[in-house]
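As they're listed, the protein sequences go chains L and Y.
First residue of the first sequence? That's 1 in full-length UniProt numbering, and the numbers climb one at a time after it.
First residue of the second sequence? That's 1 in full-length UniProt numbering, and the numbers climb one at a time after it.
These are computed hints drawn from the structure, not numbers from a lab.
Bear in mind the structure is a predicted one, so any value in this text is a computation, not a measurement.
For glycine and all other residues, C-beta sits at the position ideal for the given N, C-alpha and C.
Among these hints, one or two may not hold up.
Stated by the list, open to error - Distance condition first, Cα-Cα at most 20 Å in a straight line; then the derived EDC-like pairs of lysine to aspartate or glutamate:
id	chain 1	residue 1	chain 2	residue 2
1	L	34	Y	112
2	L	57	Y	188
3	L	34	Y	282
4	L	34	Y	281
5	L	10	Y	271
6	L	57	Y	216
7	L	57	Y	221
8	L	34	Y	188
9	L	34	Y	216
10	L	14	L	60
11	Y	276	L	60
12	L	34	Y	3
13	L	175	L	185
Said to hold, decoys possible - Now the in silico label distances, taken between C-beta atoms and shown as ranges:
id	chain 1	residue 1	chain 2	residue 2	range
14	Y	280	L	87	49 to 59 Å
15	L	45	Y	22	26 to 36 Å
16	Y	4	L	137	53 to 63 Å
Single-letter residue listing:
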Amino acid sequence: MAAYSTNEFKSGLKVMMDGDPCTIVENEFVKPGKGQAFNRVKLRNLKTGRVIDRTFKSGETLEAADVLETQLQYLYSDGELWHFMSPETFEQYSADGAAVGDAVKWLKEQDICTVTLWNGVPLSVAPPNFVTLQVTETDPGLRGDTSSGGNKPATLETGAVVRVPLFIDVGEVLKIDTRTGEYVERAKE
Amino acid sequence: MAETETRWHPSANRRALEARARLLADIRRFFAERGVLEVETPILSTAAATAPHLHSLATHYQGLQTSEGLRLFLQTSPEHAMKRLLAAGSGPIYQLARVFRNGESGRRHNPEFTLLEWYRPGVDHWTLMEEVDIFLSRLLGTPKGERLSYKEVFQHYLEVDVFAASNKVLAGLARAHGFQGGTVNGEESRQISLDFLMAAVIEPQLGQGRPCFIYDYPASEAQLARIRPASKICLVPLAERFEVYLNGMELANGYHELSDVAEQRQRFQTDIAYRKAWGLEEVPLDELLLAALAQGLPDCAGVALGVDRLLMVLLGSSRIEEVLAFPVDRI
Numbered sequence: 001m002a003a004y005s006t007n008e009f010k011s012g013l014k015v016m017m018d019g020d021p022c023t024i025v026e027n028e029f030v031k032p033g034k035g036q037a038f039n040r041v042k043l044r045n046l047k048t049g050r051v052i053d054r055t056f057k058s059g060e061t062l063e064a065a066d067v068l069e070t071q072l073q074y075l076y077s078d079g080e081l082w083h084f085m086s087p088e089t090f091e092q093y094s095a096d097g098a099a100v101g102d103a104v105k106w107l108k109e110q111d112i113c114t115v116t117l118w119n120g121v122p123l124s125v126a127p128p129n130f131v132t133l134q135v136t137e138t139d140p141g142l143r144g145d146t147s148s149g150g151n152k153p154a155t156l157e158t159g160a161v162v163r164v165p166l167f168i169d170v171g172e173v174l175k176i177d178t179r180t181g182e183y184v185e186r187a188k189e
Numbered sequence: 001m002a003e004t005e006t007r008w009h010p011s012a013n014r015r016a017l018e019a020r021a022r023l024l025a026d027i028r029r030f031f032a033e034r035g036v037l038e039v040e041t042p043i044l045s046t047a048a049a050t051a052p053h054l055h056s057l058a059t060h061y062q063g064l065q066t067s068e069g070l071r072l073f074l075q076t077s078p079e080h081a082m083k084r085l086l087a088a089g090s091g092p093i094y095q096l097a098r099v100f101r102n103g104e105s106g107r108r109h110n111p112e113f114t115l116l117e118w119y120r121p122g123v124d125h126w127t128l129m130e131e132v133d134i135f136l137s138r139l140l141g142t143p144k145g146e147r148l149s150y151k152e153v154f155q156h157y158l159e160v161d162v163f164a165a166s167n168k169v170l171a172g173l174a175r176a177h178g179f180q181g182g183t184v185n186g187e188e189s190r191q192i193s194l195d196f197l198m199a200a201v202i203e204p205q206l207g208q209g210r211p212c213f214i215y216d217y218p219a220s221e222a223q224l225a226r227i228r229p230a231s232k233i234c235l236v237p238l239a240e241r242f243e244v245y246l247n248g249m250e251l252a253n254g255y256h257e258l259s260d261v262a263e264q265r266q267r268f269q270t271d272i273a274y275r276k277a278w279g280l281e282e283v284p285l286d287e288l289l290l291a292a293l294a295q296g297l298p299d300c301a302g303v304a305l306g307v308d309r310l311l312m313v314l315l316g317s318s319r320i321e322e323v324l325a326f327p328v329d330r331i
């Protein structure tokens with residue numbers, strides 16, 4: 001496996017740290033007077049999402065992590081694992097609950113997700129930035145109220161609960177921004 | 001790296017360029033008023049700094065005096081040449097020099113930068129610290145600086161007696177503060193722990209709003225400063241050296257200059273042996289400086305101050321490229 005020296009560290013580089021794959025967030029060169037030079041590095045653990053600060057003697061190396069970001073189509077969940085497929089190679093991948101994480105509430109069959117693979121196994125799943133989902137449960141809509149006045153909770157087909165305007169009814173299809181979890185608009189037919 | 005179409009632009013804005021011009025004029029006025037002579041010495045030298053953690057850039061000269069050509073090093077500081085002037089009786093001198101350090105690039109580093117270096121014959125580093133303090137208050141408007149010994153800062157920020165602590169204790173402290181331990185042991189590991197704790201843990205906290213002068217460094221960090229032998233008052237030898245920090249950034253490094261030629265030769269040779277042992281580039285030692293010291297360097301103190309960092313303080317910049325017309329990624 002390849003190794004990267006501190007000179008090659010830049011944000012986005014995937015390396016192994018304490019046995020976990022990490023991505024480099026920030027790399028700062030520091031040097032005291034005429035002493036030894038160091039690299040202060042911020043790394044995000046790709047398994048836990050936690051950001052850690054570590055300092056390396058300049059010239060030290062870290063092993064490269066075999067991490068790949070890829071676009072996969074979500075197929076279905078069997079209750080334990082979430083199954084994805086590459087639209088290009090048709091190869092299938094199964095992600096566990098830890099990898100799917102918060103993305104679970106936005107996963108709709110057929111949608112294309114960004115899946116991070118580590119040694120060929122899904123490490124994390126990011127849903128599309130925008131999803132269109134049907135409302136399965138909400139208080140009855142208030143006819144005539146099309147202003148942006150109040151809002152109410154609505155449950156969507158994937159189980160996610162979002163705040164929607166008062167005029168939205170059960171059965172309507174909505175566009176949601178998954179990064180903020182906010183209602184954007186009624187989906188165009 | 002930016003595309004060529006945009007990369008030709010300076011990274012410093014007009015305000016920074018004007019501030020630099022003003023600062024250089026103010027520095028020259030400061031020394032003119034005090035009767036310190038401005039000098040220029042060559043950027044190129046047949047010798048190089050031997051310090052293990054300074055890496056020189058080199059170039060190749062071909063000309064009349066030499067048929068095979070000559071390997072010349074770009075100075076990492078004008079120190080050696082300025083000491084030769086002092087030994088020749090120059091009196092107090094200063095220089096605004098372009099200096100070069102291979103491999104140093106980052107938020108506060110550029111491989112090519114401007115160093116202000118000045119020397120005062122007949123004074124020690126304590127007197128020079130006073131003048132640096134006045135210099136900073138004149139140019140940056142800072143209040144009088146505080147003075148702390150190296151031992152005091154370690155006591156204060158890390159609650160450790162740095163001179164009594166074992167290598168293991170220091171290495172443990174470094175690890176606890178996020179140092180990803182290397183593969184070395186012994187004295188080398190002690191120095192790495194000290195460098196790490198100073199650079200990564202202590203330095204960012206120093207000199208908030210006013211300069212902080214640190215003095216009495218470990219003898220292992222003496223470089224070209226005198227070493228005061230151990231005594232009844234202090235059980236370890238100390239380097240007669242100081243550093244100046246402002247807003248968590250190192251600004252200057254000063255010495256009560258070593259004038260003992262035998263000791264200087266010994267230190268150069270130790271550096272060269274270290275370079276060999278660690279596979280670092282071997283560099284020729286400066287026989288011309290040693291010859292000057294043999295003839296006699298007056299008792300003096302000198303200090304080197306980073307001009308680009310002074311500008312960063314003046315302009316509140318957090319990145320050095322904001323004060324440089326063309327940093328390394330635009331040359």
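Hint by hint, here is what the structure shows:
no., hint, result
1, L:34 <-> Y:112, "holds, 16 Å"
2, L:57 <-> Y:188, "holds, 12 Å"
3, L:34 <-> Y:282, "holds, 17 Å"
4, L:34 <-> Y:281, "holds, 16 Å"
5, L:10 <-> Y:271, "violated, 32 Å"
6, L:57 <-> Y:216, "violated, 25 Å"
7, L:57 <-> Y:221, "holds, 18 Å"
8, L:34 <-> Y:188, "holds, 15 Å"
9, L:34 <-> Y:216, "holds, 16 Å"
10, L:14 <-> L:60, "holds, 16 Å"
11, Y:276 <-> L:60, "holds, 19 Å"
12, L:34 <-> Y:3, "violated, 34 Å"
13, L:175 <-> L:185, "holds, 5 Å"
14, Y:280 <-> L:87: 49 to 59 Å, "holds, 52 Å"
15, L:45 <-> Y:22: 26 to 36 Å, "violated, 47 Å"
16, Y:4 <-> L:137: 53 to 63 Å, "holds, 57 Å"
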